[in-house]
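So the protein sequences, as listed, match chains A, B, C and D. Heads up: the first sequence at position 101 corresponds to 101 in this note's numbering, and the numbers run straight through without jumps. To convert, count from 1 in the second sequence and add 165; that's this note's numbering. To convert, count from 1 in the third sequence and add 472; that's this note's numbering. To convert, count from 1 in the fourth sequence and add 1093; that's this note's numbering.
Source of the hints: derived by calculation from the structure; they are not laboratory data. Predicted, not measured: the structure shown is a model, and the values here were computed from it. For glycine and all other residues, C-beta sits at the position ideal for the given N, C-alpha and C. Warning: the hint list may mix true and false statements.
Okay, the calculated beta carbon distance ranges per label pair [claimed, not checked]:
1) A:Arg-121 with D:Lys-1241: 56 to 66 Å
2) D:Asp-1254 with A:Val-64: 34 to 44 Å
3) B:Leu-184 with C:Thr-1019: 26 to 36 Å
4) B:Ala-330 with C:Leu-646: 37 to 47 Å
5) C:Phe-926 with B:Ile-203: 41 to 51 Å
6) D:Glu-1099 with C:Asp-1028: 47 to 57 Å
7) D:Glu-1099 with B:Ala-330: 21 to 31 Å
8) D:Ala-1251 with C:Arg-567: 27 to 37 Å
9) C:Arg-619 with A:Pro-122: 51 to 61 Å
10) D:Gln-1232 with A:Pro-122: 25 to 35 Å
11) A:Arg-121 with B:Glu-372: 27 to 37 Å
12) C:Ala-499 with B:Glu-372: 52 to 62 Å
13) C:Gly-824 with A:His-85: 57 to 67 Å
14) D:Lys-1250 with B:Glu-372: 53 to 63 Å
Covered stretches of chain B, as calculated for chain D (at least 3 residues, CB under 8 Å) [what the hints assert, rightly or not]:
15) 201-211
16) 395-408
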Amino acid sequence: MADILDEIRAMDLKASWLNDWEFEVIVPKERIGSVLDYLKSRTFKGFMGLSCVDWIDEGKFELVYILQSYDLSLEAIVKTKIPRHRPVIESMNAIWKLCEVYEREMHEFFGIEFVGNPNLRPFFLENWLDTPPLRKDFDTLAFSEELFEFKEDETHGINPPERIE
Amino acid sequence: MVIVEFLIKLSQGFGIGALALATGLLFGGIARKIMARIQRRYGPPFTQNFMDLFKLLSKGSVSHGWAFDLGLVAGFVPMLAALMFLPIGPFTLFPSDSSLIMIVYLMMMAYLGMAMGVLASGNPNSAIGMSRALMLMAGYEVPFAAVIFSIYFFSKTGYLTQIVAMQSGGFMNWNIVKMPLGFLAVEIVLQGMLGEKPFDQAIAPAEIASGPMVELGGKYLGFGMIQHSVALFLETGIIVDLFLGGAPNFWIFIAKQFVLYFVVVLVDAILPRLRVHEATSFFWKLPLFLGILQAVIVIIQGGVLNV
Amino acid sequence: MSSLLALLLVPVTGSIVAAIIQRYRLAERLVSFSTFVVTLLFLIDIRVGDAFTWSLGFLGKNIEMGLQITPLSIFMLYMTIAFGVLLTFFDLTERSKMKSFLLLLTLAASNWIFMATDFLSFFFAWELMGWASILAIFGGRRTAESRHGALYYAMMSIGGSYSMLIGIFLLSNLTGSFSIQQNVSYLVSIMTVHPWWVLGIVSMFFVAFMVKSGIFPFHTWVPYTYGESPDGFVPYLSSVMSKYGIYGFLIFLPLTLSLRNVPGVLGLPWPNYTLVWFGSITAVVGSVLAFMQDDVKKLFAYSSFSNLGFILAAIALFTPIGLTAGLFHAFNHLLFNGAIFITVVAVISKVGITRMSEMGGLWQKMPLTFLTFFVGIASAAGIPPFAGFGSKWMIFQAMISHGLIFATVLLFFASIASFLYLMRAFHAIFLGQLSHKYDNVKEISAIGKITEVFLIGALIFFGIFPGFILDPINSIVGSFGLKPLPTSGYEYINGFFSSVNMVSIFIVVIVAFIFGFLLFAVSAKHKKVPQEDNYTAGQIPKDWNLTPEMYQFSYDFYEPMDKEIAPFLKIKIDGFFKGFGDSVEYLGSSIKEIFTGNVQIYTYLAIGGLVIFVIAGWIVW
Amino acid sequence: MSEWTEIVDYFRGRSMWMLHYCTGCGAIELPPTMTSRWDMERFGITPMATPRQADILLITGYLAIKTLKRVIYTYEQMQPPKWVLGFGSCTINGGIYWDSYNVIERLDKYIPVDIYIAGCMPRPEAILDSFVKLKEMVQNGEAKGYEKYVKNYEWYKANQDKVLKRTKPVLERIEKVTKIG
């Protein structure tokens, strides 16, 4: 179990245990494909998901690939950061076909461009023209007030809930 | 004279139709109440089905064209027409025409009309529902035919009035005593004819959005409800005439019908739905076996008719 | 007397004229129509008992040949010619490659069949009819397939003809005569002495009749041939020509009257019982195979021989009610099958395909055709008050009166299954969603409309007044030495167990419909919506890229039933005939090796053949 | 004629068939309402399968823009007389999704709502109470939401189009992002 981490470290990558069943690997953007390929060959065959974190102060998006090894009962969390102003990364759908769907979602909600993904059509949102909604600089309250015309005085005696900060 | 006679028959026919419809609706309401009590609910009032029908006829609806309208009118009208030939208690509107097979085929016209209407709506759910209903029909009509034919052979007549007359004179003369297996087969068949569980594949609400009725609303659904209520009266009425010796008056007739329907409701309350091919093959197994067995017994008893 | 000959000569003349002008389609069709009309006019003159004889010298023998009119033959003649008039009228605007002169030749042959008093002319006419219809099939929509269908039909027909030919020569060897009447009465006389001989000879004939009517197990050619024959010809093929076999059966079925007192099954002689089962199985096989079909012509081909099964089962009983029911159903089948096939042909000519799963919603475009089809299938399903109810109702009564419960239940199942496939065809062709590719489809021409209105009228008229058909049928029943059913007016059908008054049923249905429409009118208003405005579980059709084709469920309509009847479908009778054909081919190729091209061998063969012929001649004559 | 209307309204109130549009968590309150504990069938209210058959449209919970489109389509497929019940705070003011970019705030801007049931979640008693209230309103001829929809169709349509048919961004773009598509 420990040797997988050693092997990764030997590849000149930062890797550390989060707890006794999962570890994280931090990978530069350029090497993400080869690392995921390598992990897949090392029994991490299950692609659990792809998510994104908006580090707005750093100006970066962090893409998080979650992999699972059924043989070792381990979970690998592979993280990579891409610049926020030009979010482009290669698509992983050659490794896992399933990535196509997750990348479609990330594209829709964060505006990340996945090079090589053939299908980046809108997934959940219909007719969306604004900033991708899950970016931190997107003001959902302002959007809501503007589009749905939500006014606190237009409640017909029903008080809206206190604003949850 | 002919006109007076015609008018008398017409008013009697309206009376029979209204009575049958009312009885069918009342049975439906009672069935809902029974079902509610089995499920430990209070349940709707007995008259709920009347209110539902009234509301449906007064509610707006959509039509998909004249074939849709014509089909749905043709869906309940032949049922009412078939009703005119059924001996209800001592009363028969056309005593010389109460041929059983004719009534069965008139009922088929109602199914044909209903099918035409709902299929003209162009919804695949109704097509699926219709295909299921027809497949189920291929299942239950076969044992039903076996029983009808054994009664024909046994009674040596095809008139319902005469079949009823042959059973007069007490319980021991009823066909239920003489042909218990046939009665059992028909009671199972009744479950399928009325589309109650476990044979309610055609109108599975959560699966195919109530099947044939998917595009029906307002008066069209009301027509469907009339068809179902009259069919309920007609089918139970046929079985009462065939097996339970008819009745000396209307109220006993209804009581006998209700006994038959009560069994159906109880079975409906406790069984889940079968898959359609399972239901069809079920009818080809147990009820058909019972029906054929009954037929064989009747033929061995009755010997060969002299032609 | 001359009008009997005219029944043969008029169609032949018409056929020659039509053959000469076959280049001009409309003129050809007009000739064909007028020939049928003229034949019908000649037929009106003809009465039962008319006869005409001549003799033919052959090999030094004088063979009596003749034409005679019996009640049965006049019934069949009217059915054939009257339907032919209707069909050729409809065909005036029909565009398939059908050759009218072949149809007229078929008519001449069929007239001869029904009038023939001797087996030689019967056989000749039978062959003429067979070959003319085979050639007519060649003009199908798809050339290669129609050729295949015609060849299949030809193979089966030839098999049947050989069988019949052997039967004819065996019989004439025994009696020294070709006369049908003499031969049949001879068979009756030896019936009790050598029943197996009689059975053997008669079954030789029955094979030919079963092939022509498509009775199980000789039904396999029917769907191929009907499916590929020209659109204008297929109604005639299925409505009229399939009845010729029934005529053949009725020549020999009186034989069984002498067996009535011999113990059989349930009061029926063994041969009748067996034929009833052949009929019932045909009805079931046809119905069940029909509802798996996607090709509309094939579906109704199955339907057609399924109904022939009903007819055979009824006439095979050879009781008054059985015979009446069978002939009545033959007539009703002519009408409703004609209505169905004519509308199907009309639809095919408009949409250009025969696969039902690609049609749908055509009721909006072809309302009259839709109504005709509706009345046709209602009749086929045996729904009162349309024609078709009475005969099915009588068939069931005839069957039950003999306690044939199993066969009756099978027949009833076939009847229900017919309801299934009729609904499937009805839905797939006319109901459901209308595809945009049929936006330009129009109702058929005025001639087609007239035909359709006439058919609707006929189906309703003969449904309400069955007496008009039951009267001639009763005289046929009487001519066979059976006691006809009692008649009590044109509107009554008297069955064995009960009788029905069709007019009262009709009035009740009409009054009920008036009430229904009144209720429809006084109820709340409805709103007309287009077919796109449909329940889609909240999904918006345009966003969903929903097309009418996607929202039409008609392919594999009875898929769940496949599981139940799959074992039934595994029996391949088709395969048996294919295997038989293969072995015949093998035999043929081994015989071919004799013909090496050496002249001497041909000479020997010729001499040998002559010797065999002469010896055979001594034995026969 | 008015007596006839009263009779019709009386029976309409006694027989209301319901189509429940369950997008949100509110659907969980319906099974107890339907079944033996509270038994709504005793008021003549039965769940139905399609909008064609239904009188009541019960909207249980929040509506995203995508589902709002379906709800409007479903509502328009229903035939008059028809009534809408807004169930839970989400239909009133967005509930806990009040500042969400994709959940509408007030349902009655888009389709006429006859009765709102407040609460998150409303209990089955509240649902039954609303049914009884609706019944009274129908029998008194007060519940005329469907007529209001026809009368003010332009206003409703404008509100719907504002949400459903956006042609330009709602907010100013803060930074240029890769174009979607």
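Taking the hints in turn, this is what the structure says about them:
For Arg-121 of chain A paired with Lys-1241 of chain D, a C-beta distance near 38 Å fails the hint of 56 to 66 Å. Judged by the Cβ atoms, the range 34 to 44 Å given for Asp-1254 of chain D and Val-64 of chain A holds: they are separated by roughly 39 Å. The given range of 26 to 36 Å is broken by Leu-184 of chain B and Thr-1019 of chain C, whose C-beta atoms sit roughly 49 Å from each other. The supplied range of 37 to 47 Å is broken by Ala-330 of chain B and Leu-646 of chain C, whose beta-carbon atoms lie about 55 Å from each other.
The supplied range of 41 to 51 Å is broken by Phe-926 of chain C and Ile-203 of chain B, whose beta-carbon atoms lie about 57 Å from each other. Hint check: Glu-1099 of chain D to Asp-1028 of chain C, Cβ distance near 52 Å, so the stated range 47 to 57 Å holds. Against the hinted window of 21 to 31 Å, the Cβ-Cβ separation of Glu-1099 of chain D and Ala-330 of chain B comes to about 50 Å, which falls outside the hint. Taking 27 to 37 Å as the suggested C-beta distance range, the pair Ala-1251 of chain D and Arg-567 of chain C does not conform, at roughly 55 Å.
One distance hint, 51 to 61 Å for the beta-carbon pair Arg-619 of chain C and Pro-122 of chain A, holds here, with the actual separation near 55 Å. Distance hint check: the CB atoms of Gln-1232 of chain D and Pro-122 of chain A are about 47 Å apart, inconsistent with the given range 25 to 35 Å. Judged by the Cβ atoms, the range 27 to 37 Å given for Arg-121 of chain A and Glu-372 of chain B holds: they are separated by roughly 31 Å. The beta-carbon spacing between Ala-499 of chain C and Glu-372 of chain B, approximately 59 Å, falls within the hinted interval of 52 to 62 Å.
At roughly 60 Å, the beta carbons of Gly-824 of chain C and His-85 of chain A sit within the given window of 57 to 67 Å. Under the hint 53 to 63 Å, the C-beta atoms of Lys-1250 of chain D and Glu-372 of chain B, about 35 Å apart, miss the expected range. Counting residues of the stretch 201-211 of chain B whose beta carbon lies closer than 8 Å to any beta carbon of chain D gives 8, which meets the minimum of three for the stated coverage. Using a Cβ-Cβ cut-off of 8 Å, 0 residues of the stretch 395-408 of chain B lie near chain D, which falls short of the minimum of three, so the contact claim is violated.
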